[in-house]
Amino acid sequence: MKSKIDLSSINYRAILFDATRCIDCRACMVACSVQNNVPNDVTRIWVAGDAVMGEFPDLERATMPYHCMHCHDPACASACPVGAYTKRPDGPVLYDPNVCIGCRYCMNACPFDVPHFEWNRGVDEHAEIIKCDLCTPRVDGGQEPACVATCPTDALLFGDRYELIQIARQRIKDHPDRYIDDIYGETENGGTSYLIISHVPFGHLGLPTDIPNEGVGKLSESIMGATLPFAAAWGTVLTGIAIGSRQLHKRKQNHADEADKVSEAAPANESASVSETADTEEQP
Amino acid sequence: MKIKIRIPDWMLSPWVMGMVILSAMAILISFIRMVVGIGPVSNLNDAYPWGFWISFDIYTGVALGAGAFTMAAVVYIFDLKKFTPLVRPSVLTGFLGYAMVAVALLVDLGRPENIWHMIIYQNHTSFLFEIGICVMTYLTVLLLEFIPVIFEGFRWNGVVHFFHKWLTLPLVILGVVLSTLHQSSLGSLTIIMPAKLHPLWWTPFIPILFFVSAVIVGFGMVIVESQISARALHRGIEINLLKVVASWIPYGSALYLILRFGQLAVEGKLGYLFTSGVYSLLFWIEILLIGIIPLVLFSQKKVRKSPNGLLYGALSVVLGVVLNRFDVSWIALGGRIFDTTGYVPSISEVLVSFGFVAASVLVFRYIALHFPLFVDEEEYQEENTIEQAHPVKAGD
Chain A
1 MKSKIDLSSI NYRAILFDAT RCIDCRACMV ACSVQNNVPN DVTRIWVAGD AVMGEFPDLE
61 RATMPYHCMH CHDPACASAC PVGAYTKRPD GPVLYDPNVC IGCRYCMNAC PFDVPHFEWN
121 RGVDEHAEII KCDLCTPRVD GGQEPACVAT CPTDALLFGD RYELIQIARQ RIKDHPDRYI
181 DDIYGETENG GTSYLIISHV PFGHLGLPTD IPNEGVGKLS ESIMGATLPF AAAWGTVLTG
241 IAIGSRQLHK RKQNHADEAD KVSEAAPANE SASVSETADT EEQP
Chain B
1 MKIKIRIPDW MLSPWVMGMV ILSAMAILIS FIRMVVGIGP VSNLNDAYPW GFWISFDIYT
61 GVALGAGAFT MAAVVYIFDL KKFTPLVRPS VLTGFLGYAM VAVALLVDLG RPENIWHMII
121 YQNHTSFLFE IGICVMTYLT VLLLEFIPVI FEGFRWNGVV HFFHKWLTLP LVILGVVLST
181 LHQSSLGSLT IIMPAKLHPL WWTPFIPILF FVSAVIVGFG MVIVESQISA RALHRGIEIN
241 LLKVVASWIP YGSALYLILR FGQLAVEGKL GYLFTSGVYS LLFWIEILLI GIIPLVLFSQ
301 KKVRKSPNGL LYGALSVVLG VVLNRFDVSW IALGGRIFDT TGYVPSISEV LVSFGFVAAS
361 VLVFRYIALH FPLFVDEEEY QEENTIEQAH PVKAGD
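Protein chains in written order, with this note's numbering: chain A, 1 to 284; chain B, 1 to 396.
Bear in mind the hints are in silico, worked out from the structure with no lab data behind them. Please note that the accuracy of each hint is not assured.
Said to hold, decoys possible - DSSO-like, lysine-lysine: derived pairs with alpha carbons at most 30 Å apart: (1) B:81 - A:250; (2) B:82 - B:305; (3) A:218 - B:269; (4) B:301 - A:252; (5) A:87 - A:218; (6) A:252 - B:269; (7) B:81 - B:269; (8) B:82 - A:250; (9) B:81 - B:305; (10) A:252 - B:81; (11) B:82 - B:165.
Unchecked claim - Some chain A residues flagged as far from chain B (calculated, every beta-carbon gap over 10 Å): (12) 29; (13) 89; (14) 176; (15) 186; (16) 257.
If you're wondering where the values come from, they're calculated on a predicted model, not measured in any experiment. No residue lacks a Cβ here, since even glycine has one placed at the ideal position from N, Cα and C.
Next comes chain A alone, as it looks inside the complex:
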């Protein structure tokens, strides 16, 4: 049944999840734990969604293995102060625990709340961020990701992102009664490598539905880009004010000496203090 994909022909790796096929067996989670050699409660994916919805006899199942979305413009990589995240040109977003400082900004930056943290590890035990890596070492070695390989109902499909979108469109076209006419991940946060088609609105699968269609890191990055020019300009302005106010005060002092009068209290550039002239007038 499972089509053997030629992994070497994939230009841009992605996974397509079909919610109509998921039976909530959680075999993907077990496979993930085994693949990454971690205890069963430390899987990098987890099953989300409302589970069984509706009233008998109109029951519906809504479950989904929640992966890292492997965004085109990953917010985690944009936010990480030390660049512990990298976006591979062929899709996966990878995390390097040896670079990580544990600030957890990625967890707040990720619009999908994907990165998890090992809260119960001390300094000696090197706490890490837990995140799906799209089984990159496994795929590099010629195998499908563990969750995909293990899924008994083919709810998960691994392949080239462009081709997977075609497959998703075809399924929606063939069964318009079964699917909602939308592919989650095609545009969310600028596009992702985890694509979802579903029979229920995506919110019921546990997905956030208010994600902008542009990468959330874009705006932040463009403002960040202005930092150095701004700093240089601001430093110049401050230096100018410092020199200007000294000269102004010196001139005022000379003026005052000449006139042999009390100097005026506040300099013009500190506008706030002008109002206080009466209060601040210095006595000779």
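Given chain A's structure and the hints, the job is docking chain B onto it.
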């Protein structure tokens, strides 16, 4: 035969003793955290990766340290020399506040042993990287700005003269630039979270709002610090200087109100002002404390001349900005996918934060008692009558 036991002064005062105990508890809990991890000592979780430590130690600590750069700018950049007596205490508070930020960060970081990675693995798209570099550099700048006071204590007059002649102004300019950057960037950290931070707070203009509120709270903190240290250390307050500082705050508050409402209007978010329940309420409390109360109080000469009026107006600003930082970094920000978990800080989290504050207060007290922190008074006494804030009592 009688044995005389000398008890150190600090053991006699319940306040000082309490702060010593708090500091010790903070150190103990930090040690436990290093051994067993963040989870067992805190209530942080995957839905709330940032909690009380970030909101209080980092966001609040940095905002309340703003007095150092605002007063340094007033004296050295705007050349208003008569405010010099206010610079030293605020630079020391700034330095201790930032040192506390750095120490607390080590407790909060998941891999504190890697903190130096920020220097070698730089990610130039990250506002947190910018903040890290700015805070590291600024801590050094503050130390250099303050160290002449220590040299003065040792009477190394040549070094002191060298500092004042050649280093102070460049250091102050660098310090103001660094402060502008990281004060505003603490707000910019949330620009990447448009779907997570409540719309009343999320805006691309947040760096400007953070900077303006930092300047206001910097002036507010100068007033609060002076009042508290006057009461605790039994010295007079510089009322003639403080009333001028207070007169600047209404301009900042008015600007803040215009910017905040202008930004909401431009982004079409005015509807949220009344429709977001507790968030709308929090927003209005911020507006009241940062904007309206100081605007009304400090516009009156009568209030600015009374020590209590100064204190209440300044406390309003401080509390308002603290609330704003808590809202932005914690209350109005949350993971939405696991929002059932919720987050309330644990007692150990609060103890660690308060303990580090207590430790910095103890250091401040020590320096105030042993080094010429407030010496400039005699020099400026002629122009500025020093009023006694509190009758002098024995013991502390």
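Status of each hint after checking the structure:
1. Restraint check for residue 81 (chain B) and residue 250 (chain A): the C-alpha separation of about 12 Å stays at or below 30 Å, so the hint holds.
2. Taking the CA atoms of residue 82 (chain B) and residue 305 (chain B), the gap is about 18 Å. The hint holds against a cut of 30 Å.
3. In summary, the hint linking residue 218 (chain A) to residue 269 (chain B) is supported, as the alpha carbons are separated by about 22 Å, within the 30 Å threshold.
4. The hinted pair formed by residue 301 (chain B) and residue 252 (chain A) meets the criterion: a straight-line CA distance of about 27 Å does not exceed 30 Å.
5. About 15 Å separates the Cα atoms of residue 87 (chain A) and residue 218 (chain A), which keeps this hinted pair within 30 Å; it holds.
6. The straight-line distance between the Cα atoms of residue 252 (chain A) and residue 269 (chain B) is roughly 48 Å, outside the 30 Å bound, and the hint therefore fails.
7. Of the pairs offered as hints, the one joining residue 81 (chain B) and residue 269 (chain B) is violated, with about 44 Å between alpha carbons and a cut-off of 30 Å exceeded.
8. Our distance criterion of 30 Å between C-alpha atoms is met by residue 82 (chain B) and residue 250 (chain A), whose separation comes to about 15 Å.
9. Taken as a hint, the residue 81 (chain B) and residue 305 (chain B) pair is honoured in the structure, with Cα atoms around 21 Å apart against an allowance of 30 Å.
10. For the suggested pair residue 252 (chain A) and residue 81 (chain B), the alpha carbons sit about 14 Å apart, so the restraint of at most 30 Å is met.
11. Distance check on the hinted pair: residue 82 (chain B) and residue 165 (chain B) sit about 18 Å apart at the alpha-carbon level, within 30 Å; holds.
12. With a least beta-carbon separation of about 16 Å from chain B, residue 29 (chain A) lies farther than 10 Å from that chain, consistent with its non-interface assignment.
13. The non-interface label for residue 89 (chain A) is consistent with chain B: the shortest C-beta to C-beta separation is roughly 17 Å, beyond 10 Å.
14. Here residue 176 (chain A) stays apart from chain B, with its beta-carbon at least about 29 Å from theirs, past the 10 Å limit.
15. With a least CB separation of 18 Å from chain B, residue 186 (chain A) remains clear of the 10 Å interface cut-off, as annotated.
16. Distance check on residue 257 (chain A): its Cβ is at least 17 Å (rounded) from any Cβ of chain B, clearing the 10 Å threshold; non-interface status holds.
The structure is inconsistent with the numbered hints 6 and 7, although it conforms to all the rest.
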